[in-house]
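Start from the sequences, fold in the hints, and give me the full structure.
Chains as they are written, first to last, in my numbering: chain A, 1 to 127; chain B, 1001 to 1350; chain C, 2001 to 2482.
What the hints contain is simulated information worked out from the structure, not anything from laboratory work. Just so you know, even glycine gets a beta-carbon here, dropped at the ideal spot from N, CA and C. Where hints are given, some of them may not hold.
Some chain A residues judged to face chain B by a derived CB distance under 8 Å, without partners named [what the hints assert, rightly or not]:
#1 Asp17
#2 Ile18
#3 Leu21
#4 Lys25
#5 Gln28
#6 Asp104
#7 Lys108
#8 Phe110
#9 Ser111
#10 Pro112
#11 Arg113
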Amino acid sequence: MTAVDGIRVLVADDDPDIRDLVEFKLTQAGYAVQAVGDGLSAWEAFQEQAPSLVILDVMMPGLSGIDVLRKIRESGAATVPVLLLSAKSRDSDVDTGFAVGADDYVIKPFSPRELLHRVNGILARVR
Amino acid sequence: MTGRDLLWASSALVLLACLALVLLIVLTKVTRTVRERRTAELVAPHRPHLLAVASGEDEGGTHRDALIEVDGPARDAVDVVVVDLLGKVRGAPAEELASVLLAHGAVDRAPHDLRDRSTLKRARAAHILGLCHVGAALPLLVQALGDPAPEVRVAATRALGRIGEPTASAALLAAVGADRVVPAGPAADALEGMGVGISGSLRDALSASSPTTRTVAAYLSGEGSFSRSLDALRVALACDDDPTVREAAAVALGRMGRAADVVALLRETGADRPRALRRACAAALGELGEPSAVVGLTALLGDPDPRLAEIAATSLLLLGPAGRSALDSAASNPSVETARALARLQAGAA
Amino acid sequence: MSWDGFVDGLRTGVVWLMDITSVPILVYFAVINLSYLLLIVLASIDFRAQHRRREAVVETFGGALSPGVSLLVPAYNEEMGIVTSVQALLSLRYPRHEVVVVDDGSSDGTFERLRAAFDLVPIPRQIPQDVPVRARIVDVHVPRDGRTRLVLVRKENSGRSEAINVALNAATEPLVAMIDADSILEPDALLRVTQPFADDPIRMVAAGGAIRPVNGSRVVSGRIVKVQMPKPWLARIQVVEYLRAFLLGRTGWSRFGALILISGAFGLFRRDVVVEAGGLDPDSIGEDFELVLRIHRKLHDEKRDYRVGFVPEPVLWTEVPSTLGVLRNQRRRWHRGLWETLWAYRGMVLRPRYGKVGMIALPYYWVFELFAPLLEFFGIIIVPLALVLDVVNIPYAILFLSLAYGLAILVTLSAMAAEEWSFHRHERWRDLGLTLVASVLENIGYRQLTVWWRLEGWWASLRRKKQVWGVMTRTGFGEAGE
Chain A
1 MTAVDGIRVL VADDDPDIRD LVEFKLTQAG YAVQAVGDGL SAWEAFQEQA PSLVILDVMM
61 PGLSGIDVLR KIRESGAATV PVLLLSAKSR DSDVDTGFAV GADDYVIKPF SPRELLHRVN
121 GILARVR
Chain B
1001 MTGRDLLWAS SALVLLACLA LVLLIVLTKV TRTVRERRTA ELVAPHRPHL LAVASGEDEG
1061 GTHRDALIEV DGPARDAVDV VVVDLLGKVR GAPAEELASV LLAHGAVDRA PHDLRDRSTL
1121 KRARAAHILG LCHVGAALPL LVQALGDPAP EVRVAATRAL GRIGEPTASA ALLAAVGADR
1181 VVPAGPAADA LEGMGVGISG SLRDALSASS PTTRTVAAYL SGEGSFSRSL DALRVALACD
1241 DDPTVREAAA VALGRMGRAA DVVALLRETG ADRPRALRRA CAAALGELGE PSAVVGLTAL
1301 LGDPDPRLAE IAATSLLLLG PAGRSALDSA ASNPSVETAR ALARLQAGAA
Chain C
2001 MSWDGFVDGL RTGVVWLMDI TSVPILVYFA VINLSYLLLI VLASIDFRAQ HRRREAVVET
2061 FGGALSPGVS LLVPAYNEEM GIVTSVQALL SLRYPRHEVV VVDDGSSDGT FERLRAAFDL
2121 VPIPRQIPQD VPVRARIVDV HVPRDGRTRL VLVRKENSGR SEAINVALNA ATEPLVAMID
2181 ADSILEPDAL LRVTQPFADD PIRMVAAGGA IRPVNGSRVV SGRIVKVQMP KPWLARIQVV
2241 EYLRAFLLGR TGWSRFGALI LISGAFGLFR RDVVVEAGGL DPDSIGEDFE LVLRIHRKLH
2301 DEKRDYRVGF VPEPVLWTEV PSTLGVLRNQ RRRWHRGLWE TLWAYRGMVL RPRYGKVGMI
2361 ALPYYWVFEL FAPLLEFFGI IIVPLALVLD VVNIPYAILF LSLAYGLAIL VTLSAMAAEE
2421 WSFHRHERWR DLGLTLVASV LENIGYRQLT VWWRLEGWWA SLRRKKQVWG VMTRTGFGEA
2481 GE
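Pasting the structure below:
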């Protein structure tokens, strides 16, 4: 557990339940989680906090997860891993997510345990 | 002067009504705010338990037991959140959440609530039965497909999809074309969740009297490659009364047809057929991928409809070497060139 | 004739006029407002239930049967915003949609901006003439990546309607949506508005969505990130106007099964039906209204079972006029379009073969939409005149006006109550308060101005077309004046 202590993860989801759930799960695992409720806040938080990993809901009011992902990939910190968490389950949606530069794609309803494993995996790979 | 009195009375009435409406608006907002706050207050102490259970951090089930213990008005509020969360997580946490509902009696109450006078209650009951996969409730849910309230019909449709029992498929397909209609979109989603067991009802639905039912059946037959539907799809393509059904049948045959279907699809590209059907069939022939379609598609390259010609050219490119050489030896025109250019761009990007 | 004699004569005339008109006008007022109330009740009957259900649909992201959509975007000298708009449209949440931009002979850098942003390359595609178009097509471009679903067609300048018809011809999906390049779509607009088509794939032929003013809200990258009330009262009043109009004018009518107006700023149609109907009429001023009526007439003539739907949630945000001059032009144009279209389709009125559209919706539009400003104008003139001539006393006049405008406010308040009850978009108390104030202020000045502008538009049409229509015009106007 100590291995991940303090690693900053940014979570953006407009659904407070999902937000709390992901925050709870990742905090339990030792991550430092910041959770926001819309795309614009996510983009602002990303610029301020410089997180090590970002989890984005695709469907949010205002800027969508895809919009934010695109902005991140065009920014100075383009290599930060991004995981999309989405109810969009069709192949074409997953394709779009990866085409814009997502590192992983988790479909809702999701398994929090699986999400944690994926987060761990991505971070282990980039370090 | 009575006219004047009338004017006075109606003015006063309108003014009163305006004030009443302002009051109503304010009251609605206040009530909602208060209710939301109260619910949040009721749930707040139990929120850590809810999150622990839903995120699978509940070793030994202590959090779940704490939720089961909840009593009084808080219990209903907690149940609402549990139902919400059930739709958002899957795997072991979902089962744990369902067990809370079961222990609270919400699941046992649901069949009864399905006959309640409140629309909201009926829809919620159907929702819970689906979330908790109560197979025994199948007949009740099928019955709820004919509920007077559309909201309940949709909830029942989704619940049937979640339970995924294919025996409900015939009823669901029929409900799509019934007077108290079940919307086709959710119904198709639910049917997709039922797996291969629906093949028999799909085939039968292709000859149903409602064109909506036939369209849904044709669409799903193609999506899931249900070969038992093949014969009925061929009949639908050739002689259904409804153009939308014929197009859906063409798309489905493109997905899963046999070599023998080339002739039938080509026939529907004839110049006397509706434009949309011709185009759908030309595209379906490419999807089907049978080289025997080459001659027929080549004949379409010079069609006066440039869109049809382009689709035919694109389909030829999908038919392998035979199609490509036919395209090469055909007289060049903008449609053929466009299909080639697009194929090159796609190949370049891949 | 002496001055006193003249005043006496005038007084007698006004008394006579008021005697014969007061009852009919009051009845008219009562009926028009009661009908509004009825439409509101119709609209809100199962508003909430439907709303909840649609939320669920949006959550699960469309469904198996969500049909593909082509977004038709006419662009004329839009170099400033076109790239942002197209990017926003391409990234709408929907499983299957393409963007068809038609550059209507722009003289600015519209094309160059698009070519640079999307790496466009020319293809030799010929656009089919499914709907006949007079203007010459210049060329067709697509993005080099072969994947981004964007098509750009350049054509000679010939106006918005023809540009949309070209886009319609170039479209490849079964549904088409007509969208102005400068408006902002909700990210899930397509999910919501395609839903009636997924639910009833055979019969649904067209669907509209609610439109709201974007003024004052915060926009980032072509997306609304924060909904706010605009600061100027002119725009605030229009917020109230849009709220009311879309809630009752559209939702109520679609529930009733006789929706005849889908706003040109956002409408979703079955492509084949629009093609069969012949596309937009490039010569029409109220081309959106005209198209929907033409579809109604055609499908009724063919005795087809069909539906026109409406989604009450806001799906599109548009910049409303912020100056009186622009607003005046808009309202003149709207009323002119309304008149010319109603006149062109007068043959459908009260004909049983056109069902509820012919028997109820069209007569309603004639009586309560077209003639409303005329009657209101009459009131605006006669009441002050009667006051000056001492035919009525001040309390009576105030009473009369408060009844007339009180009813109008009542309607607005009911719309707000329905909104508050179902969507509660006004999260802040302050915005709610401002809306309430605007609904009252609307009746002081704004209403009277729009009445005048609408009459101006109508009059302009009657005068300019006199030669074309000859005698018929006068008959039409004579009926209107009585």
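Hints, one by one, checked against the model:
no., hint, verdict
1, Asp17, "holds, 6 Å"
2, Ile18, "holds, 6 Å"
3, Leu21, "holds, 5 Å"
4, Lys25, "holds, 4 Å"
5, Gln28, "holds, 5 Å"
6, Asp104, "violated, 17 Å"
7, Lys108, "holds, 6 Å"
8, Phe110, "holds, 6 Å"
9, Ser111, "holds, 4 Å"
10, Pro112, "holds, 4 Å"
11, Arg113, "holds, 5 Å"
Consistency note: the structure conflicts with earlier hint 6 alone.
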